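K.L.:
Given chain A's structure and the hints, the job is docking chain B onto it.
There are 2 protein chains.
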Amino acid sequence: MYNLLVIDDKILELHGQIRFLLGDIDIIVKQKDVVGNIMQEWVKGWLANKKVEYALNDNSQMPPDFYLNPSNKTIGLLEVKAFNRNASPGFDIADFRMYIDEIVKKPYMLDVDYLIFGYDMSDDGVVTIQDVWIKKVWEITRRMKDWPINLQIKDKVVHKIRPAVWYSTARVEYNVFDTKEDFISALEEAVYQNPDTRDRAGTWKIKFLDEYEKQYGVRLDIPRWQNVSNSYVSSKKVPYKHKTK
Amino acid sequence: MYNLLVIDDKILELHGQIRFLLGDIDIIVKQKDVVGNIMQEWVKGWLANKKVEYALNDNSQMPPDFYLNPSNKTIGLLEVKAFNRNASPGFDIADFRMYIDEIVKKPYMLDVDYLIFGYDMSDDGVVTIQDVWIKKVWEITRRMKDWPINLQIKDKVVHKIRPAVWYSTARVEYNVFDTKEDFISALEEAVYQNPDTRDRAGTWKIKFLDEYEKQYGVRLDIPRWQNVSNSYVSSKKVPYKHKTK
Numbered sequence: 001m002y003n004l005l006v007i008d009d010k011i012l013e014l015h016g017q018i019r020f021l022l023g024d025i026d027i028i029v030k031q032k033d034v035v036g037n038i039m040q041e042w043v044k045g046w047l048a049n050k051k052v053e054y055a056l057n058d059n060s061q062m063p064p065d066f067y068l069n070p071s072n073k074t075i076g077l078l079e080v081k082a083f084n085r086n087a088s089p090g091f092d093i094a095d096f097r098m099y100i101d102e103i104v105k106k107p108y109m110l111d112v113d114y115l116i117f118g119y120d121m122s123d124d125g126v127v128t129i130q131d132v133w134i135k136k137v138w139e140i141t142r143r144m145k146d147w148p149i150n151l152q153i154k155d156k157v158v159h160k161i162r163p164a165v166w167y168s169t170a171r172v173e174y175n176v177f178d179t180k181e182d183f184i185s186a187l188e189e190a191v192y193q194n195p196d197t198r199d200r201a202g203t204w205k206i207k208f209l210d211e212y213e214k215q216y217g218v219r220l221d222i223p224r225w226q227n228v229s230n231s232y233v234s235s236k237k238v239p240y241k242h243k244t245k
Numbered sequence: 246m247y248n249l250l251v252i253d254d255k256i257l258e259l260h261g262q263i264r265f266l267l268g269d270i271d272i273i274v275k276q277k278d279v280v281g282n283i284m285q286e287w288v289k290g291w292l293a294n295k296k297v298e299y300a301l302n303d304n305s306q307m308p309p310d311f312y313l314n315p316s317n318k319t320i321g322l323l324e325v326k327a328f329n330r331n332a333s334p335g336f337d338i339a340d341f342r343m344y345i346d347e348i349v350k351k352p353y354m355l356d357v358d359y360l361i362f363g364y365d366m367s368d369d370g371v372v373t374i375q376d377v378w379i380k381k382v383w384e385i386t387r388r389m390k391d392w393p394i395n396l397q398i399k400d401k402v403v404h405k406i407r408p409a410v411w412y413s414t415a416r417v418e419y420n421v422f423d424t425k426e427d428f429i430s431a432l433e434e435a436v437y438q439n440p441d442t443r444d445r446a447g448t449w450k451i452k453f454l455d456e457y458e459k460q461y462g463v464r465l466d467i468p469r470w471q472n473v474s475n476s477y478v479s480s481k482k483v484p485y486k487h488k489t490k
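One line per chain: the protein sequences are A and B, in this order.
Take 1 as the starting number for the first sequence in this note's numbering and just add one per residue.
Take 246 as the starting number for the second sequence in this note's numbering and just add one per residue.
So here's chain A without its partners, still in its complex pose (with noise of 0.2 Å):
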């Protein structure tokens, strides 16, 4: 699917636009925050025109988008994310309650692959798409400061687990998770660590190996948090020396 976009049809060379036409009058919209939401439009009129099967899920609230296998909807799962490349990633993974729901219930939305857009907007309303990745959802989530996993907080209480910016050259200060195993970890410490789910924590991992072994017939070994949570920390501030008199 990547070759495909990227090769094929050169989607790093198109210009595209949003435009309004109402009555003889032709507009070229010039919002940015718009693109982001259209992508996933825009990906399902590809998928169309190349002949592609899919199927759309009911529930537009949780992930994927797209099944690419419809006869079996455990296996080609697709989401489709789009961000202002100009910008941080502005997009939700998922609402945490929600998503840990989610993978008990279904372990192979695991393994959803994230088809995403870093667009562009020039100030004449010009789309230009700067960047496609094919990304699992470890490889775009990170832990934080005070939690081991980043997570959208407000007023004390935890919503949505945000992305990390995976792409970037510069030194980030926590990098993305190496491994499943080690999302597993940060995701039951999380659930332990958050008020809201607490009452969860004692049994949760255990019910996501069983759901995840009788899906796939293997037994994943998570780590405990403490043992692999410093090894994301990529950076260490300089510790404040008083000056010599």
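The hints are simulated quantities; they were obtained by calculation from the structure and are not laboratory data.
Small disclaimer: the values here were computed from a predicted structure and weren't measured.
For each residue, glycine too, the CB sits at the ideal point set by N, CA and C.
A portion of the hints provided could be inaccurate.
What the hints assert, rightly or not - Some chain B residues near chain A, calculated using beta-carbon distances under 8 Å:
#1 L257
#2 G261
#3 I263
#4 R264
#5 L266
#6 L267
#7 G268
#8 D269
#9 V274
#10 N282
#11 I283
#12 E286
#13 W291
#14 N294
#15 V297
To be verified - Think about it this way: if two alpha-carbon atoms lie no more than 27 Å apart in a straight line, the pair counts; the simulated DSS-like pairs of lysine-lysine are:
#16 A:K32 / B:K351
#17 A:K135 / A:K207
#18 B:K275 / B:K351
#19 A:K156 / B:K401
#20 A:K50 / B:K275
To be verified - Calculated Cβ distances over 10 Å to all of chain A for the following chain B residues:
#21 Q262
#22 D271
#23 K275
#24 V279
#25 K289
#26 G290
#27 R330
#28 D337
#29 H404
#30 Y419
#31 R469
P.N.:
Frame of chain A; chain B shown alone:
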């Protein structure tokens, strides 16, 4: 302008679309909230198409959007608003503090014409204009329960002046203002009531009247809010009655 839009160009009969074109794929954008923000761009295209001369306001944060008489920017001021006709008007009139400063400095700002579109977007993305209005600010604003003007208040701080539902045929609790003078009366009371602007309450009205008189050669006669406030309550709640045993 209203006639040109509604009678000559039959804007209420047109079917519009927002489309996104990238590569060979051309999709219809089905996001209702986008329309509100692009009608201003559409009016720009429409004015150009009609060969109507105009200048744009450099400051996009304050009204007006258009000067229809570019050689004299105190007349022919036009502000464009649009909202989803299936909901209440969602646009802001102006930031309260900026507005009370602005109409003292530029009393002709009080006479801005608001060109307002009530649009609909169907489930398949067809945009239609359900209503068009040209209104003065006092015809689209009203009092609220605890304030003489309908304000957005967040964390006890006054932010935006918000519009009334001026077109409702159903019973509304508070009517729009009848006159420019009553609107000014309500604004003055709000300047006093708002802790952030109270220090200006002693002189605000005098300054405004002086500037308005300089501009138009007329001294307005502003009633006291307490004398007119009750006339804008259009319905009284029926008092609660104990059932007789």
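K.L.:
For every hint, state whether the structure bears it out.
P.N.:
Hints and how they fare:
no., hint, verdict
1, L257, "violated, 11 Å"
2, G261, "holds, 3 Å"
3, I263, "holds, 5 Å"
4, R264, "holds, 5 Å"
5, L266, "holds, 5 Å"
6, L267, "holds, 3 Å"
7, G268, "holds, 5 Å"
8, D269, "holds, 6 Å"
9, V274, "holds, 5 Å"
10, N282, "holds, 6 Å"
11, I283, "holds, 5 Å"
12, E286, "holds, 5 Å"
13, W291, "holds, 5 Å"
14, N294, "holds, 6 Å"
15, V297, "violated, 13 Å"
16, A:K32 / B:K351, "violated, 33 Å"
17, A:K135 / A:K207, "holds, 25 Å"
18, B:K275 / B:K351, "violated, 40 Å"
19, A:K156 / B:K401, "holds, 21 Å"
20, A:K50 / B:K275, "holds, 22 Å"
21, Q262, "violated, 5 Å"
22, D271, "violated, 7 Å"
23, K275, "violated, 7 Å"
24, V279, "violated, 5 Å"
25, K289, "violated, 7 Å"
26, G290, "violated, 4 Å"
27, R330, "holds, 15 Å"
28, D337, "holds, 17 Å"
29, H404, "holds, 19 Å"
30, Y419, "holds, 32 Å"
31, R469, "holds, 42 Å"
Violated hints, in rising order: 1, 15, 16, 18, 21, 22, 23, 24, 25, 26; the structure is consistent with all others.
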